[in-house]
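Novice: Given the coordinates of chain A, assemble chain B onto it according to the supplied hints.
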Amino acid sequence: GAVVSQHPSWVICKSGTSVKIECRSLDFQATTMFWYRQFPKQSLMLMATSNEGSKATYEQGVEKDKFLINHASLTLSTLTVTSAHPEDSSFYICSAGRLVGETQYFGPGTRLLVL
Amino acid sequence: GESVGLHLPTLSVQEGDNSIINCAYSNSASDYFIWYKQESGKGPQFIIDIRSNMDKRQGQRVTVLLNKTVKHLSLQIAATQPGDSAVYFCAETYGNEKLTFGTGTRLTIIP
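Residue numbers (my numbering), protein chains in the order written: chain A, 1 to 115; chain B, 1001 to 1111.
None of these hints come from the bench; they were simulated from the model. Errors might be hidden in some of the hints.
[As the list claims (entries may be wrong)] One-sided excerpt, in silico: chain A residues whose CB lies under 7 Å from chain B:
(1) Ser43
(2) Pro86
(3) Ser89
(4) Ile93
(5) Phe106
(6) Gly107
(7) Gly109
C-beta atoms are modelled at their ideal positions from N, C-alpha and C, and glycine is treated no differently.
Just chain A, with the same shape it has in the complex:
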């Protein structure tokens, strides 16, 4: 149990286009999901907390108009990188927890390359 999937696993796009990344909890419901960004050889940086049925909570310094988050159901959250630029190239990872106060389970990540 506690499987989290992401789609796509990797994406290459042209500068100026938008990219949508999906995060799904496959065998449990998650009212809260988290989106992280990771640069090579660095730790995970929390971008935002995705809340089912309400607005996402963004960390300081993360542009909410740049990184659109939608948590439409208890098993799906999406992150849309709008008007992507080369500096947005990174490894994006989502996570979800089955119960409050328990560990989070991570998706396999999505590698984004903006040309």
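Specialist: Frame of chain A; chain B shown alone:
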């Protein structure tokens, strides 16, 4: 602000030996700690966790030790195998679901 950090960024261990990865945290209010393993190009994988009311917890080949007095967390891996090569992150949280990650330690197993 509060942070979680690791003492050693890299660690090389002979196959079959035990590995110890350390982590220091600064938030004394932290009540839940987790170790994750991340292989190249993959998402973090849960290894073991411990709550602040415990000082030791064992899993399969892994043991986590928590010393609240000095705010130190360690992960011990017994009889390391080539498949243990990865980056290991500690993470902490206090009362909510947001995790704060340490900087990570790369563990390399020498054949």
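Novice: Does the CB of Pro86 of chain A sit less than 7 Å away from some CB of chain B?
Specialist: 20 Å, violated
Novice: For the restraint on Gly109 of chain A, tell me whether the closest CB of chain B is nearer than 7 Å.
Specialist: At 5 Å from the nearest chain B Cβ, Gly109 of chain A passes the 7 Å test, so the hint holds.
Novice: Let me know if the C-beta of Gly107 of chain A comes in closer than 7 Å to any C-beta of chain B, holds or violated.
Specialist: It holds, given that the least Cβ distance between Gly107 of chain A and chain B is near 5 Å, below 7 Å.
Novice: Measuring from the C-beta of Ser43 of chain A to each C-beta in chain B, is the shortest one below 7 Å?
Specialist: Result: holds, 5 Å to nearest chain B Cβ.
Novice: Less than 7 Å between beta-carbons is the criterion; does Ser89 of chain A satisfy it with respect to chain B?
Specialist: 15 Å, violated
Novice: Does Phe106 of chain A meet its interface restraint, that is, does its C-beta lie within less than 7 Å of any C-beta in chain B?
Specialist: 4 Å, holds
Novice: The hint names Ile93 of chain A as touching chain B; please verify it with the least Cβ-Cβ distance against 7 Å.
Specialist: 5 Å, holds
Against the hints set out earlier in the document, violations occur for numbers 2, 3.
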